[in-house]
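One letter stands for each residue in the lines below.
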Amino acid sequence: MARIGVFICHCGENISATVDCSKVAQVAATFPGVVHSVDYKYMCSDPGQTLVGNAIKEHNLTGVVVSACSPRMHEPTFRRACAEAGLNPYQCEMANLREHCSWVHERNEKTDDKAIDLVRMLVEKVKRNNSLQPIKVPVTKTALVIGGGVAGIQAALDIANAGHKVIMVEREPSIGGHMSQLSETFPTLDCSQCILTPRMVEVAQNPNIKLYTYAEIESVEGFVGNFTVKIRKKAKSIDESKCNGCGLCTTKCPNKKNPNEFELGMAKRPAIYVPFPQAVPNIPVIDKTQCTYYKTGKCKICEKVCQANAIQFDQQDEIIEVPVGAIAICTGFDIKKADFFPEYGYGKHKDIIDGLQFERLASASGPTAGEIRRPSDGQIPKKIVFVACAGSRDPAKGIEYCSKICCMYTAKHAILYKHKVHDGTAYIFYMDIRAAGKNYDEFTRRAIEEDDAKYIRGRVSKIYERDGKLIVVGADTLMGAQTVEIEADMVVLATAGVANQGAEKLAQILHVSYDQHKFFSEAHPKLKPVETNTAGIYLAGACQSPKDIPESVAAASGVAGKISCLFSNSELTREPLIAVVDRTAPPQYSSCTGCFMCQSVCPYNAIEREEINDRNGNLVKQLAFINPGLCQGCGTCVAVCKSKSIDIEGYTNLQMYSEVDALLNF
Amino acid sequence: MEEIKKIAKQLLSENKIQMVIGFEKGTANKVRPAFFKNADDVEKLIYNDTCIHNLALYLKKDICHHIANVGIIANPNVVRSIIQLASENQVKEEKITIIGISYEGKCVGILDFKAAEEFAKTQPKGLKPEDRAFIEKIQAMPLEERFNYWVETFSTCVKCYACRASCPMCYCGKCNVETNNPQWIPVASHKYGNMEWHIMRAMHLAGRCINCGECTRACPVDIPLNMLSYMLTDFVMDEFHTEAGLSTTYAPALSSYTNVDKENFIK
Numbered sequence: 000m001a002r003i004g005v006f007i008c009h010c011g012e013n014i015s016a017t018v019d020c021s022k023v024a025q026v027a028a029t030f031p032g033v034v035h036s037v038d039y040k041y042m043c044s045d046p047g048q049t050l051v052g053n054a055i056k057e058h059n060l061t062g063v064v065v066s067a068c069s070p071r072m073h074e075p076t077f078r079r080a081c082a083e084a085g086l087n088p089y090q091c092e093m094a095n096l097r098e099h100c101s102w103v104h105e106r107n108e109k110t111d112d113k114a115i116d117l118v119r120m121l122v123e124k125v126k127r128n129n130s131l132q133p134i135k136v137p138v139t140k141t142a143l144v145i146g147g148g149v150a151g152i153q154a155a156l157d158i159a160n161a162g163h164k165v166i167m168v169e170r171e172p173s174i175g176g177h178m179s180q181l182s183e184t185f186p187t188l189d190c191s192q193c194i195l196t197p198r199m200v201e202v203a204q205n206p207n208i209k210l211y212t213y214a215e216i217e218s219v220e221g222f223v224g225n226f227t228v229k230i231r232k233k234a235k236s237i238d239e240s241k242c243n244g245c246g247l248c249t250t251k252c253p254n255k256k257n258p259n260e261f262e263l264g265m266a267k268r269p270a271i272y273v274p275f276p277q278a279v280p281n282i283p284v285i286d287k288t289q290c291t292y293y294k295t296g297k298c299k300i301c302e303k304v305c306q307a308n309a310i311q312f313d314q315q316d317e318i319i320e321v322p323v324g325a326i327a328i329c330t331g332f333d334i335k336k337a338d339f340f341p342e343y344g345y346g347k348h349k350d351i352i353d354g355l356q357f358e359r360l361a362s363a364s365g366p367t368a369g370e371i372r373r374p375s376d377g378q379i380p381k382k383i384v385f386v387a388c389a390g391s392r393d394p395a396k397g398i399e400y401c402s403k404i405c406c407m408y409t410a411k412h413a414i415l416y417k418h419k420v421h422d423g424t425a426y427i428f429y430m431d432i433r434a435a436g437k438n439y440d441e442f443t444r445r446a447i448e449e450d451d452a453k454y455i456r457g458r459v460s461k462i463y464e465r466d467g468k469l470i471v472v473g474a475d476t477l478m479g480a481q482t483v484e485i486e487a488d489m490v491v492l493a494t495a496g497v498a499n500q501g502a503e504k505l506a507q508i509l510h511v512s513y514d515q516h517k518f519f520s521e522a523h524p525k526l527k528p529v530e531t532n533t534a535g536i537y538l539a540g541a542c543q544s545p546k547d548i549p550e551s552v553a554a555a556s557g558v559a560g561k562i563s564c565l566f567s568n569s570e571l572t573r574e575p576l577i578a579v580v581d582r583t584a585p586p587q588y589s590s591c592t593g594c595f596m597c598q599s600v601c602p603y604n605a606i607e608r609e610e611i612n613d614r615n616g617n618l619v620k621q622l623a624f625i626n627p628g629l630c631q632g633c634g635t636c637v638a639v640c641k642s643k644s645i646d647i648e649g650y651t652n653l654q655m656y657s658e659v660d661a662l663l664n665f
Numbered sequence: 000m001e002e003i004k005k006i007a008k009q010l011l012s013e014n015k016i017q018m019v020i021g022f023e024k025g026t027a028n029k030v031r032p033a034f035f036k037n038a039d040d041v042e043k044l045i046y047n048d049t050c051i052h053n054l055a056l057y058l059k060k061d062i063c064h065h066i067a068n069v070g071i072i073a074n075p076n077v078v079r080s081i082i083q084l085a086s087e088n089q090v091k092e093e094k095i096t097i098i099g100i101s102y103e104g105k106c107v108g109i110l111d112f113k114a115a116e117e118f119a120k121t122q123p124k125g126l127k128p129e130d131r132a133f134i135e136k137i138q139a140m141p142l143e144e145r146f147n148y149w150v151e152t153f154s155t156c157v158k159c160y161a162c163r164a165s166c167p168m169c170y171c172g173k174c175n176v177e178t179n180n181p182q183w184i185p186v187a188s189h190k191y192g193n194m195e196w197h198i199m200r201a202m203h204l205a206g207r208c209i210n211c212g213e214c215t216r217a218c219p220v221d222i223p224l225n226m227l228s229y230m231l232t233d234f235v236m237d238e239f240h241t242e243a244g245l246s247t248t249y250a251p252a253l254s255s256y257t258n259v260d261k262e263n264f265i266k
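Note that the protein sequences, when read in sequence, are chains V and B. Each residue of the first sequence is one higher than the one before, counting from 0 in numbering that gives the first Met the number 0. Each residue of the second sequence is one higher than the one before, counting from 0 in numbering that gives the first Met the number 0.
Worth flagging that the hints you see were computed from the coordinates, not collected in a lab. Careful: at least some of the hints might be erroneous.
[Said to hold, decoys possible] Simulated pairs of lysine-lysine, DSS-like, Cα-Cα distance not exceeding 25 Å: (1) LYS255/V - LYS349/V; (2) LYS267/V - LYS287/V; (3) LYS256/V - LYS347/V; (4) LYS164/V - LYS229/V; (5) LYS105/B - LYS29/B; (6) LYS5/B - LYS24/B; (7) LYS94/B - LYS60/B; (8) LYS173/B - LYS620/V; (9) LYS105/B - LYS124/B; (10) LYS59/B - LYS158/B; (11) LYS94/B - LYS620/V; (12) LYS255/V - LYS267/V; (13) LYS40/V - LYS56/V; (14) LYS109/V - LYS22/V; (15) LYS620/V - LYS127/B; (16) LYS173/B - LYS643/V; (17) LYS396/V - LYS336/V; (18) LYS261/B - LYS504/V; (19) LYS59/B - LYS620/V; (20) LYS461/V - LYS403/V; (21) LYS60/B - LYS643/V; (22) LYS419/V - LYS468/V; (23) LYS335/V - LYS468/V; (24) LYS251/V - LYS294/V; (25) LYS255/V - LYS294/V; (26) LYS620/V - LYS15/B; (27) LYS233/V - LYS251/V; (28) LYS127/B - LYS29/B; (29) LYS91/B - LYS643/V; (30) LYS59/B - LYS24/B; (31) LYS335/V - LYS403/V; (32) LYS15/B - LYS36/B; (33) LYS620/V - LYS91/B; (34) LYS643/V - LYS158/B; (35) LYS127/B - LYS59/B; (36) LYS59/B - LYS643/V.
[Stated by the list, open to error] To be clear about the criterion: a stretch of chain B counts as covered by chain V if any three or more of its residues have a C-beta under 8 Å from a C-beta of chain V, and this derived list gives those stretches: (37) 82–91; (38) 170–181; (39) 246–253.
Ideal placement from N, C-alpha and C gives every residue a C-beta, glycine not left out.
Could you put together the complete structure from these sequences and hints?
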């Protein structure tokens, strides 16, 4: 005989201001099977939970209905409280009196009646709850880190240092990401390469990390703790085990006039190349679209000069299949190029460059060896205009969000410029200076006060060329919106940070959600900032939204912490709220007819074919079998099953029917 | 008919099949389904215009359970049923020998599943003009009138479940109507309870029914159940461009997705 306890929460005034909680408790006490019914101000508080626990022991309850907020909020809390008092946690249900009642209605009798109905439904449901046990699944203690930028590097090192295996996959021939392209970093102005390259080397040398560069994710199957990942290792045309990185091939390659991606087109590179001198691994790649041999069938000079016989023109892409337990997405971001801006000439003026190109100009290892020289004629620009918010915060351009890093790097650019060109002047058009962060505001003050950056609050309407000068036309909104015209030698656009190319495809491979700008979505904006909605897949860095280096690194360490937690157990515990196919005595074995319509609707590929054989091994029947590790309990299979042979534990047909029955037949 | 007998006899005597499902003479000048297990009995087999019952029904019955290979005299309706059952993983090609017969009564010999699919495509479902007129009449009714029409029509149902018993697609071992915990469908025969049963049956057959019309022939109170099925078939064709009973790899409309499925129900 059911002995149900009902606990009505006031949620401070969230519920009690609209619903007469004591009345609901009194009425609930009269429901068949209810032996205890009380209301309390904060049921989720420690005294509230104690109230539930004590009642379970005192009244020997077989089921509990907590009528409070959404189960999304506090179901785990109350299930835990019930478990501590000795009741199976799945004998606890929540009636949502807050989101489903008090927040959406006004205070009157009908609202009370609805609250009573909601409690009645859950009382009828909980009477039919089964005591369930959590499901245990094994864990492969290897993490996959997708992307080898600073976030990926940090995540990989932290996970590896916690003693777990890591597989890192990087699309480019070298790890390092955008950070390796930067000159100095704000707000301390330490050299980007100097702080990053040692970490890149650490990745290469760490025995727990297996690095695949020039590789992409082909497919991902499985579930938390048990993913199977296929990695496409693109052919570098180099035998990595033989190459010793001497670099002779790159110097002897006769085809040296190809745009250098790392220098953003501001320099040239050979067809066989290492992206930058500090690359990890220091192994060249043949660009098949540019290589003379691949185009004409003749040349092979690199093969002739290679002492190690490492050149392999016939190398094919290789598919590597690896089991992993968790996945960290650290694929970073991209920026809009100058050709995104018709008002600034669609990128046709050579001296209108983006922020990343300026980083290369300012970098000691860049195309100008660190001297600020304009791309068109190599002259040192005496007047530079920086345009902040180029594209960002501009709904007309489809980018409503703030790209976050531009205010800071533009201030940095102005400082670096002044340090290198003492008699030059830097103008900065800005909307707001967003410099929230440790030592960030001080840094922008330094740009203005010590390094003489001329900040103009306003936007730039157009830029055009006149007599070899770039005429920047903008408004100064602090001077009554008067028109400002500056004759600049060079313009740097702090263009919007956008999702990386291929982010959408990767999201679809991984089954993680992404927003309208193709940035990956976190599971909860505040409380689960590094998790995705798919268990076992995490996010770090600018693939989630524009982030600076400290934030990316912090998120990456967060992901590493999450993954280390996941790997700290040999088995994972999963909620047992999954679909099950009924089983009966022979000769039926199950009411399942084996039509497998459930198989085609299952979004998680969780339904398998189970064969029932007689003792001679003859097939008697084929039944649907639901893999408890894969099933997410969505219930689509239940809906298509004609013979009603599938039930979701915790949400069985009987339970749902009882709830509806309680509502209709009262 | 002689050709059918010849094939059946030969198959049985060579032990390629152990039983053949066909028709024999029944009482009152009618035909009835018959199960022949040896070649001599096949003399009793008959086939004529009145042999219209859907014999595919018996493939899922106990009588076929332990038989290694069953021969079946299959008119186009039976062929379509077998193809549909195969797509639902209910019959295996190696356990069935189809002796195909066209609508005109012409024997087309033994059909493997591939040939059966081709055969089914050449045998269009016959919808009589009066049936088409009936469907158009129903579809022209305003929604409320149409609902009331069916409520009234179903009110005469006595829940004998002859429609279910005669339907080759109703092969579930445990039917929902017999589930009492929860009690999805009321047992008693009353207006709305009858409606629930027939709505459920129609939903379960949507995209699966091959329109043999067996349910209507079986109904003792003359409910035009096959008209409902025809309308559903039309609907599935319009919405999902698929038709049951033509392919053994058919993905049922209501349990498969394609990226060209209409989404106009999202408002």
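Comparing the hints with the structure gives:
The straight-line distance between the Cα atoms of LYS255/V and LYS349/V is roughly 22 Å, inside the 25 Å bound, and the hint therefore holds. The hinted pair formed by LYS267/V and LYS287/V meets the criterion: a straight-line CA distance of about 16 Å does not exceed 25 Å. Among the hinted pairs, LYS256/V with LYS347/V is consistent with the structure: their alpha-carbon atoms are about 21 Å apart, no more than 25 Å. For the proposed pair LYS164/V and LYS229/V, the alpha carbon gap of about 17 Å is at most 25 Å, so the pair holds.
Under the criterion of a C-alpha separation no larger than 25 Å, the hint pairing LYS105/B with LYS29/B is consistent with the structure, at around 21 Å. With a CA separation close to 18 Å, the supplied pair LYS5/B and LYS24/B stays within the 25 Å bound. About 14 Å separates the Cα atoms of LYS94/B and LYS60/B, which keeps this hinted pair within 25 Å; it holds. Taken as a hint, the LYS173/B and LYS620/V pair is honoured in the structure, with Cα atoms around 15 Å apart against an allowance of 25 Å.
Taking the CA atoms of LYS105/B and LYS124/B, the gap is near 16 Å; set against the 25 Å cutoff, the hint holds. Taking the CA atoms of LYS59/B and LYS158/B, the gap is near 22 Å; set against the 25 Å cutoff, the hint holds. Between LYS94/B and LYS620/V, the direct Cα distance comes to roughly 14 Å. Compliance with the 25 Å bound is thereby established for this hinted pair. For the hint linking LYS255/V to LYS267/V, the alpha-carbon distance of about 7 Å falls within 25 Å, and the restraint holds.
Between LYS40/V and LYS56/V the CA atoms are separated by roughly 21 Å; this keeps the pair inside 25 Å, and the hint holds. Distance check on the hinted pair: LYS109/V and LYS22/V sit about 13 Å apart at the alpha-carbon level, within 25 Å; holds. As the CA atoms of LYS620/V and LYS127/B are separated by approximately 40 Å, the hinted pair breaks the 25 Å bound. As the CA atoms of LYS173/B and LYS643/V are separated by approximately 9 Å, the hinted pair is consistent with the 25 Å bound.
For the proposed pair LYS396/V and LYS336/V, the alpha carbon gap of about 13 Å is at most 25 Å, so the pair holds. The hinted pair formed by LYS261/B and LYS504/V meets the criterion: a straight-line CA distance of about 23 Å does not exceed 25 Å. The suggested pairing of LYS59/B with LYS620/V holds, with an alpha-carbon distance near 13 Å, which does not exceed 25 Å. With a CA separation close to 23 Å, the supplied pair LYS461/V and LYS403/V stays within the 25 Å bound.
Taking the CA atoms of LYS60/B and LYS643/V, the gap is about 21 Å. The hint holds against a cut of 25 Å. For the hint linking LYS419/V to LYS468/V, the alpha-carbon distance of about 21 Å falls within 25 Å, and the restraint holds. For the proposed pair LYS335/V and LYS468/V, the alpha carbon gap of about 24 Å is at most 25 Å, so the pair holds. In summary, the hint linking LYS251/V to LYS294/V is supported, as the alpha carbons are separated by about 18 Å, within the 25 Å threshold.
For the suggested pair LYS255/V and LYS294/V, the alpha carbons sit about 15 Å apart, so the restraint of at most 25 Å is met. Simply put, LYS620/V and LYS15/B have alpha-carbon atoms about 24 Å apart, close enough for the 25 Å limit, and the pair holds. Taking the CA atoms of LYS233/V and LYS251/V, the gap is about 24 Å. The hint holds against a cut of 25 Å. Among the hinted pairs, LYS127/B with LYS29/B is consistent with the structure: their alpha-carbon atoms are about 23 Å apart, no more than 25 Å.
Restraint check: the Cα-Cα separation between LYS91/B and LYS643/V comes to about 24 Å, which is no more than 25 Å; the hinted pair holds. Among the hinted pairs, LYS59/B with LYS24/B is consistent with the structure: their alpha-carbon atoms are about 23 Å apart, no more than 25 Å. Restraint check for LYS335/V and LYS403/V: the C-alpha separation of about 14 Å stays at or below 25 Å, so the hint holds. Between LYS15/B and LYS36/B the CA atoms are separated by roughly 12 Å; this keeps the pair inside 25 Å, and the hint holds.
A C-alpha spacing of about 12 Å is found between LYS620/V and LYS91/B, which places the hinted pair at or below 25 Å, so the restraint holds. For a cut-off of 25 Å, the pair hint linking LYS643/V to LYS158/B stands: about 20 Å separates their Cα positions. Distance restraint check for LYS127/B and LYS59/B: the Cα-Cα separation of roughly 29 Å exceeds the 25 Å cut-off, and the hinted pair is therefore not satisfied. Of the pairs offered as hints, the one joining LYS59/B and LYS643/V holds, with about 19 Å between alpha carbons and a cut-off of 25 Å not exceeded.
Taking a C-beta to C-beta cut-off of 8 Å, the region 82–91 of chain B contributes 3 residues in contact with chain V, enough for the three needed, and the coverage statement holds. Figure legend: the region 170–181 of chain B, annotated as covered by chain V; annotation consistent (9 residues with Cβ-Cβ distances under 8 Å, at least 3 required). Counting residues of the region 246–253 of chain B whose CB lies closer than 8 Å to any CB of chain V gives 3, which reaches the minimum of 3, so the coverage claim holds.
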